[in-house]
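2 protein chains.
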Amino acid sequence: MRMTDLIIKKRSGKPLSKGEIEFLVTGYVSGEIPPYQISAWLMAVYFQGMSFEETGYLTRAMINSGKVFDLSSLAGPLVDKHSTGGVGDKVSLILAPLAAACGVQVPMMSGRALGHTGGTLDKLDSIPGYQSVIPEDLFRRGLIETGFAMTGQSKDVVPADRLMYALRDVTGTVESVPLITASIMSKKFAEGAQSLVFDVKCGSGAFMKTAEEAEKLAVSLVETGRSLDRKIVAVITAMDEPLGRKVGNFLEVEESLACLRGDGPEDLMEVTLRLTAWMVVAGGIVPTVEEALDLCRSRLADGSALDRFLANVSLQGGDREALLERENKARAAYSLEMKADEEGYVESIDSFALGMAGIPLGVGRNKTEDAVEPLVGYELLKKRGEPVKKGESLVRIWSESQETGETVRDMIRPAYRIGQKIPELSSLILKEIKAL
Amino acid sequence: MRMTDLIIKKRSGKPLSKGEIEFLVTGYVSGEIPPYQISAWLMAVYFQGMSFEETGYLTRAMINSGKVFDLSSLAGPLVDKHSTGGVGDKVSLILAPLAAACGVQVPMMSGRALGHTGGTLDKLDSIPGYQSVIPEDLFRRGLIETGFAMTGQSKDVVPADRLMYALRDVTGTVESVPLITASIMSKKFAEGAQSLVFDVKCGSGAFMKTAEEAEKLAVSLVETGRSLDRKIVAVITAMDEPLGRKVGNFLEVEESLACLRGDGPEDLMEVTLRLTAWMVVAGGIVPTVEEALDLCRSRLADGSALDRFLANVSLQGGDREALLERENKARAAYSLEMKADEEGYVESIDSFALGMAGIPLGVGRNKTEDAVEPLVGYELLKKRGEPVKKGESLVRIWSESQETGETVRDMIRPAYRIGQKIPELSSLILKEIKAL
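Heads up: the protein sequence lines correspond to chains A and B, in order. Going by my numbering, the first sequence opens with residue 13, and the numbers climb by one from there. Going by my numbering, the second sequence opens with residue 13, and the numbers climb by one from there.
One or more hints might be untrue.
[To be verified] Each computed DMTMM-like pair below joins lysine to aspartate or glutamate, with the alpha-carbon atoms no more than 25 angstroms apart: (1) A/26 x B/187; (2) B/21 x A/181; (3) B/26 x A/187; (4) A/26 x B/225; (5) A/21 x B/181; (6) B/379 x A/44; (7) A/379 x B/17; (8) B/443 x B/225; (9) A/379 x B/44; (10) A/21 x B/187; (11) B/379 x A/17; (12) B/26 x A/224; (13) B/21 x A/224; (14) A/221 x B/17; (15) A/26 x B/181; (16) A/21 x A/44; (17) B/221 x A/17; (18) B/401 x B/418; (19) B/221 x B/436; (20) B/21 x A/187; (21) A/21 x B/224; (22) B/26 x A/181; (23) A/26 x B/224; (24) A/21 x B/225; (25) B/26 x A/225; (26) A/30 x A/65.
Calculated from the structure, these hints are not laboratory results. Bear in mind that the values here come from a model prediction, so they are computed numbers and not experimental data.
Make a model of the complete structure from these sequences and hints.
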């Protein structure tokens, strides 16, 4: 087999076989196939696409390039969720203990904040003492004892994806649906999940800006999963304004606690309940999403979801007393408010601009090596559709310096649009695509 | 400027600017831009193409990547010809002395045989003593004294093309019209030609199999040349059967001598005269192609073209006495004939198959490092449209062993198709595209 022939085959729009994809991935990882051939193939994939079956072969070959977590000795069902990333997206912190309380085991391996999107690990690290990256045995213990555990992605898992992503990043081949699909799916399956629920975000604060793009990715995820005999649900959700009201690492832990007590913002709860319910269905706990939603609501009401969360905090070294003490109190030193210039209704909030405002604050970062701050962030006092009086506060910002706070206020101001009519509000759940 | 951005720009179908193309070429040659970024860009070019202006920028940047022969002190006009390669294509050997006899200076830098196509340098090397690769000062002297000189492509000329071609070869990006255009044109202009005539071959024995492909390349060559303010003529010629009757290194020198004496095969003379005439027009010697054809015919008739050829042989170290003595006599040791199985007319001769038959004989080679043989080859005793009796010889083969001769006969046999009707014969000149 010659790599040049495989490039030409793909260039001509033909799908590669299982053996050809395996040859390509193992050859790249071993160094036998040089990066300049892989990048030409990646660009050919960008233009010609891949069939779902072919994407499945790529996913499988990438999984086999490194360590595969074998969690099959656990009781299961093992179901994980992946989000394509948004602003104020703290869903994982609520969903994991809630799904666990419903009887699903959630082996959650998360990432860190980058660019305009936050990171679950950074949020968890704002809990006093919490170790967001833990050894494998503790991770297993967490799954057994509390039904879920949180950790970072292991370097040994899917080395092919790390190599290939680095190459895609500098060769203009990031924006390819089959390549994105294989990258996401290979990591999740290598980490031990049996079934997956995807939150494909769509809108100004998401990577997929249009409904068309989001649906293309959702279909690719579901159909590739189907070709691998996996249960997959992709929920397309709106990301036109930040999810919930709080954005910031500890601020988002607080808002998650509120949700687990049944006191969360409506938009955040809608998305979280729907995603968790699909995990419960994919895990085979109950047959319908309606029953799963009822089960989720009762696990919130009886406090068992909150218990799971707090049990996990203790298991991963966190100080639950300190956490609860600091709740709604611990804030960065400087605080300022952004006030409305005019009366009306909040017509829209540009979530991309709000996400970017998190970078100078220290909620997020531009480069992976930058540090983040636990106690900075902002609270949206007014969200879409809410009435506003002139001079009323729209956003409260907490920062490490007065200057940064002012900079961030200037960044956030143009993101708020005030209109004279009540805007039409609709469900954040835009579409659901399933292979069950 | 970041190479990643240039890849994305091209991927999105936008033309790169002069500065961007220069950045890319100089960065690649200096090693600052890694091959994996260049190959991704090459594949994006494969899919998105390049404007003629952009192809001109690429041509110019490639020329400037290495040594440029400055022949502007010569009287001129300096005009060269390039053929996309065919079987039995000995046009250069006749055209160069003929154009020189008409008053054009022809700085001809040629290549060697590869695959099914022959190489001018290999043919010249079959002349006893002839040095087909000569130092620059002798090359200049040849241009001044005999109006033309023959040599190989210098390694210092257009290093960007050597690097890029090697990369294209292993990344499935050879078949791109703008890349082919820049590769051909950059070498010819760096070698000192002011104007160019192209023989774009079309048919089974050519790289361009269809009229559409050939025209696309011809238009690209002419329009890119126009964007560089150069005079260019592209003549699309049929390559459905080998050109002339003799294929082999010394055999083709012999047939060229016959042409220079006014005694060449009709098809070969038609193509050669047309191409030479356009060189005479592009060089500004006479204004119309009809006048140029008349001038060419008179230079053949008065023997001055043959004189130029023989003067060049002497200048480049060849033994003209030995050449003329061996003419029509020197042959490889073994000879055999392929005979007709049936009566009829030669309907077609697959020139690709005949070209490939040259490889085991030693007319050509599979790999650049292989040697060729001077005295092997074959003569087509019957060409398209000629009547054939059963048992009559179609082809005479000369080989270095009986076994090879038989192998080659077996390769050639299916290439001949005998029919019962006289096939329609038409001009080999299919189309002419000009920027004058």
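Results of checking the hints against the structure:
{"no.": "1", "hint": "A/26 x B/187", "verdict": "holds, 17 angstroms"}
{"no.": "2", "hint": "B/21 x A/181", "verdict": "holds, 14 angstroms"}
{"no.": "3", "hint": "B/26 x A/187", "verdict": "holds, 17 angstroms"}
{"no.": "4", "hint": "A/26 x B/225", "verdict": "holds, 22 angstroms"}
{"no.": "5", "hint": "A/21 x B/181", "verdict": "holds, 14 angstroms"}
{"no.": "6", "hint": "B/379 x A/44", "verdict": "holds, 23 angstroms"}
{"no.": "7", "hint": "A/379 x B/17", "verdict": "holds, 19 angstroms"}
{"no.": "8", "hint": "B/443 x B/225", "verdict": "holds, 13 angstroms"}
{"no.": "9", "hint": "A/379 x B/44", "verdict": "holds, 23 angstroms"}
{"no.": "10", "hint": "A/21 x B/187", "verdict": "holds, 13 angstroms"}
{"no.": "11", "hint": "B/379 x A/17", "verdict": "holds, 18 angstroms"}
{"no.": "12", "hint": "B/26 x A/224", "verdict": "holds, 23 angstroms"}
{"no.": "13", "hint": "B/21 x A/224", "verdict": "holds, 22 angstroms"}
{"no.": "14", "hint": "A/221 x B/17", "verdict": "holds, 20 angstroms"}
{"no.": "15", "hint": "A/26 x B/181", "verdict": "holds, 20 angstroms"}
{"no.": "16", "hint": "A/21 x A/44", "verdict": "holds, 20 angstroms"}
{"no.": "17", "hint": "B/221 x A/17", "verdict": "holds, 20 angstroms"}
{"no.": "18", "hint": "B/401 x B/418", "verdict": "holds, 22 angstroms"}
{"no.": "19", "hint": "B/221 x B/436", "verdict": "holds, 20 angstroms"}
{"no.": "20", "hint": "B/21 x A/187", "verdict": "holds, 13 angstroms"}
{"no.": "21", "hint": "A/21 x B/224", "verdict": "holds, 22 angstroms"}
{"no.": "22", "hint": "B/26 x A/181", "verdict": "holds, 20 angstroms"}
{"no.": "23", "hint": "A/26 x B/224", "verdict": "holds, 23 angstroms"}
{"no.": "24", "hint": "A/21 x B/225", "verdict": "holds, 20 angstroms"}
{"no.": "25", "hint": "B/26 x A/225", "verdict": "holds, 22 angstroms"}
{"no.": "26", "hint": "A/30 x A/65", "verdict": "holds, 9 angstroms"}
The structure fails none of the hints (numbered hints given earlier).
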